[in-house]
Amino acid sequence: MNLLQSYLELYELLKEDNSTKEERRNFALKEKIEQKRAYEQLFLWLQKHREKLTDRGIASRYLHIYKTGFGIISLLAFVFGFLAASVVLHYNGSEPVNVIYFLFLSFITPLLTMLFSLLAMMKRDFFLHISFTYILQKLFAKFSKKSIDEALLDKDVIRWIFIQKMQSSALLFALGMLASLLFSITTQDIAFAWSTTLDISAEQFHTFLAAIALPWSTLLPSAVPSLELIEQSHYFRLGGEISKEMLSHAATLGSWWQFLAMETLFYAIILRLFLYIFATIWLKKKLQKSMLQMPQAKALLEDMNQPIISTRAKELEIPLQVEDGITKSRKKEKHITYSALLGYTFAADELPLIAEVLEIKAKEYLGVAGKNSLEEDTKIIAKSAGNVAMVFKAWEVPTMDFIDFLEELSTHASSVTLYPLGYAKENFQVKQKDISIWQEKLKQQNYSNVEVLI
Amino acid sequence: MKHPSFCVVGHPNKGKSSIVASLALDDTVAISNIPGTTHYKRSYPLQVDGKVVYELFDTPGFQRARRVLAWLEQHEVSADKKHEVVRAFVDEHRDDPKFHDEIELLEPILDGAGIIYVVDASKPYSSEYEAEMEILRWCNQPSMALINHIENDDYSDEWKRALGYYFKLIRTYNPMQSSFKEQLHILESMAHLNEEWTESVKESIVLFKQYHEQMIQKSALLISELIQESVTHIEKTTLHKEDVTEADKSALEQKYKQRLRDMETASYKKIEAVWNYQHLQKESFLLPFEEIDLFSEEAASIFGLTKKELLFSATTSGAITGAGVDMIFAGHTAFLGALIGGVVGATGAYFGFDELSEVKILGQKLGQRYLQMGPMKNRNFPYILLSRALLYTTKLMQRSHAKRDILSLHDGALKEQLLDEKLKKSLEKYHKKFRKAEKLSYDEQKEYQRLLEESLKRGCYGYSSIDSL
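If you read the sequences in order, they're chains A and L.
For the record, in the first sequence the residue sitting at position 161 is 161 according to our numbering, with numbers rising by one throughout.
To convert a position in the second sequence, counted from 1, into our numbering, add 454.
Extracted from the complex, chain A is given alone in its bound form:
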């Protein structure tokens, strides 16, 4: 019962729980949860969060119906047992009580129902649809104002609850019978006999009863009916009256009660008790398993047990805002003569060849940046005048070093014409992708006397 309560409470808490993975993991680290078994971890979490449960929650409402329902069934089982035994043991003083009726109720029926229970234990869905808990769950889902998951209880758990409750009800039924037997023999002087239409001799009946009484025959021999007693208490309805021999042994006819009490105690109570304990253990196992299978419980366990590993940046990247400038681009022209041709990160001796390929001329060829020092570049800029051309490696992206140089150059030269170049092995042909990058960068600049030839 406690485990079922824990199950339902865990179900309710997890349904409502909106803790983050971080909070769950912190809880696990604080409670050193990793050394514990999975369902122990769940219990610990439940214990620490139980105060959040309310009387109006699913767990308490369901448990209330569950307890009331099975409480009534248990009470009825005991009353039924008492009444059934009272009817069977009813003695009117004129006819003896036939022990076979009682044997049927306290020996045959328990064995049959125990067989029935064993079948139910082995076969799934055997009892599912008549299960009180199943109907309860369906009704609860139908009429509950709060919607409830159909899978509040797993089908297998419902089966085992029903099996366990069947054993406890049967146990109470048997206790009711035993109570009734003891009450009857205390308050009445009952004459027991045995009677059957079947052709069974006293010897055969004795063998049968001795087999039944085998478990206690050595411990309690007085609770084993003797052949003599069986012979003396053989009752024949024919004639409508009790035989004289029975009457002569009237005092001994009552001694059957010890056998009946022991037989009820052993077959209807002790064996049932074993079955009840077995069913309880299995129910516990099923509940534990079902608890671990609850999707929210699985998520909780995962969150608690898995370290939070993250590799990502915490802050969002701030995009760079750029504004357009006025630097223009236009198509290449040939046969132009410049006052100087500067090669940005080119050596001076590479430039005449480049000029030839570009079909332009220059009075001076100068390498800038690259191996040059800043001072050297400053000197070159200082003496730049007129129309200056500058070639640069288009495959390299523009840096601010380039922009600084260009800015300074544009203040000295009357105009600066930029020639982006591709690889020499490709005849300096520029890839469109590279040109786009340069155009994108240069159009942000505000040089009225600078233009890019593409």
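Check before you lean on any hint, since a few could be wrong.
[Claimed, not checked] If we take Cβ atoms under 10 Å as the criterion, some of the chain A residues that face chain L in the derived model are:
id	residue
1	Arg25
2	Asn26
3	Lys155
4	Gln306
5	Ala313
6	Glu315
7	Tyr344
8	Thr345
9	Ala369
10	Lys393
11	Val397
12	Asp401
13	Ile437
[Unchecked claim] One-sided and incomplete, this derived list gives chain A residues near chain L with beta-carbon spacing under 10 Å:
id	residue
14	Pro307
15	Ser310
16	Glu396
17	Asp404
[As the list claims (entries may be wrong)] In silico lysine-lysine, DSSO-like type, Cα no more than 30 Å apart, as pairs:
id	chain 1	residue 1	chain 2	residue 2
18	L	Lys709	L	Lys690
19	A	Lys314	L	Lys635
20	A	Lys15	L	Lys711
In short, the hints are calculated from the structure, not lab data.
Even glycine gets a Cβ: it sits at the ideal position worked out from N, Cα and C.
Dock chain L against the given chain A, drawing on the hints supplied.
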């Protein structure tokens, strides 16, 4: 001891952000071919339960390397004091917008970060890089060079010769095509930069493996939930009229298909989140229904119990009540009570089902007539869904977080490899249960997930165990 940190630096547009995105498994890193996309340094810590194991910095590229170097070279100091000059430069120019990018990239290095200098070996070497490498040498921090190949040309040899002058450790790494194994190798290299960092970086390699394992487990769980939910899904529509029209059936079918598609899309979104994808663009990948037979069923229920369930319930309940009467009469009734009880219960339920379904309790109708679609009985459906999900996840696992192109999801061969006949056979018993709308037990669920995890690992790494890497 402070955790190890590594600063990814270099010329603009050499793939620094791509390298960081692939190593940090983060697709939020802004990557473009426009220089200066990265304007601020950004930290990517590997954290375990809030504790930083190592930290990676993405930085803007060098913009005014020559000017910085010129400033440094004005200060004639011995080698052991050079890093102090760099610090002096940073302190002096902290508020100078001209050197914003240099300050951003130098600060973490001066705080103790190892240097990962990135170059693009698909472009020829040029002397203008020497100023950058010289500045890094002034910082006097453990360093390595990473050769990237943005395009197909290869100038690795000239780059290696030049880099060898400045760096002891040179590795080649293409963030666009890097596998998890290659990412781990780069981390291994980083571990050797500084003896003090070795332990932490090695720990981070173990954690990376654990992280991948976690992500695979989560993906397998999400896939198994998707298959289970989709196959067992029942779409119902309450019937208000006597006859079911074609329009009713068609509307339900559309709803059913849409629901299955929504489930798949939602599941893929979750898998993307598991693999740290926030901006993934992919091809249209809608679940096809052309080759799948769908069917619908007309039924009714009372308390949510179907006629069959109610019939069984009423029969057995009646029989038990009758048996109680038999017991009270001590068997005199020869179990006639049980028999009568069972028959009465069954008859009542059978003939009374329709009438009962019209009864109202607490204003609610006791029973409902409905049209139902699902659970999916088509045997192929779970495999179609599964192979798609496995392919999708494997594609995510294989994809570098540096990629910004559209994810292609058409790979028949990989699909076949991920869901081979052996795996299909192993999964059939579970799918059988799904088709009957049955849930898997805890152990079955675990086994189902394990099979999917193995398939994902085989598809991505070629091994069924991550430790083989």
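request  = Answer holds if the nearest beta-carbon of chain L is closer than 10 Å to that of lysine 393 of chain A; otherwise answer violated.
outcome  = Hint holds; lysine 393 of chain A Cβ to chain L Cβ min 7 Å, cut 10 Å.
ask   = Are glutamine 306 of chain A and chain L close enough, Cβ to Cβ, to be under 10 Å, as the hint says?
value = Holds. Min distance 6 Å.
query = Should the interface hint for glutamate 396 of chain A be scored as holding, given a Cβ-Cβ cut-off of 10 Å against chain L?
reply = Status holds, d = 7 Å.
key: asparagine 26 of chain A as an interface hint toward chain L, with CB separation required under 10 Å   = Constraint on asparagine 26 of chain A satisfied, holds at 8 Å.
ask   = Any CB of chain L closer than 10 Å to the CB of glutamate 315 of chain A?
value = holds (7 Å)
key: Residue hint aspartate 404 of chain A, partner chain L, criterion CB-CB below 10 Å   = Because about 7 Å separates aspartate 404 of chain A from the closest Cβ in chain L, which is inside the 10 Å limit, the hint holds.
inquiry  = Quick check on serine 310 of chain A please, does its C-beta sit within 10 Å of some C-beta on chain L?
reply    = Status holds, d = 5 Å.
request  = For the pair we were handed, lysine 709 of chain L and lysine 690 of chain L, check the Cα-Cα distance against 30 Å.
outcome  = holds (9 Å)
message = Against the 30 Å threshold, does the CA-CA distance of lysine 314 of chain A and lysine 635 of chain L hold or violate the hint?
response = holds (25 Å)
ask   = Holds or violated: proline 307 of chain A as interface residue toward chain L, Cβ cutoff 10 Å?
value = holds (5 Å)
task = Could you check if alanine 313 of chain A really has its C-beta closer than 10 Å to a C-beta on chain L?
result = The hint holds - alanine 313 of chain A has a Cβ within 10 Å of chain L, the shortest such distance being about 5 Å.
When the least beta-carbon distance from arginine 25 of chain A to chain L is tested against 10 Å, hint result = Hint on arginine 25 of chain A: holds, closest Cβ of chain L at ~6 Å, below 10 Å.
The structure fails none of the hints (numbered hints given earlier).
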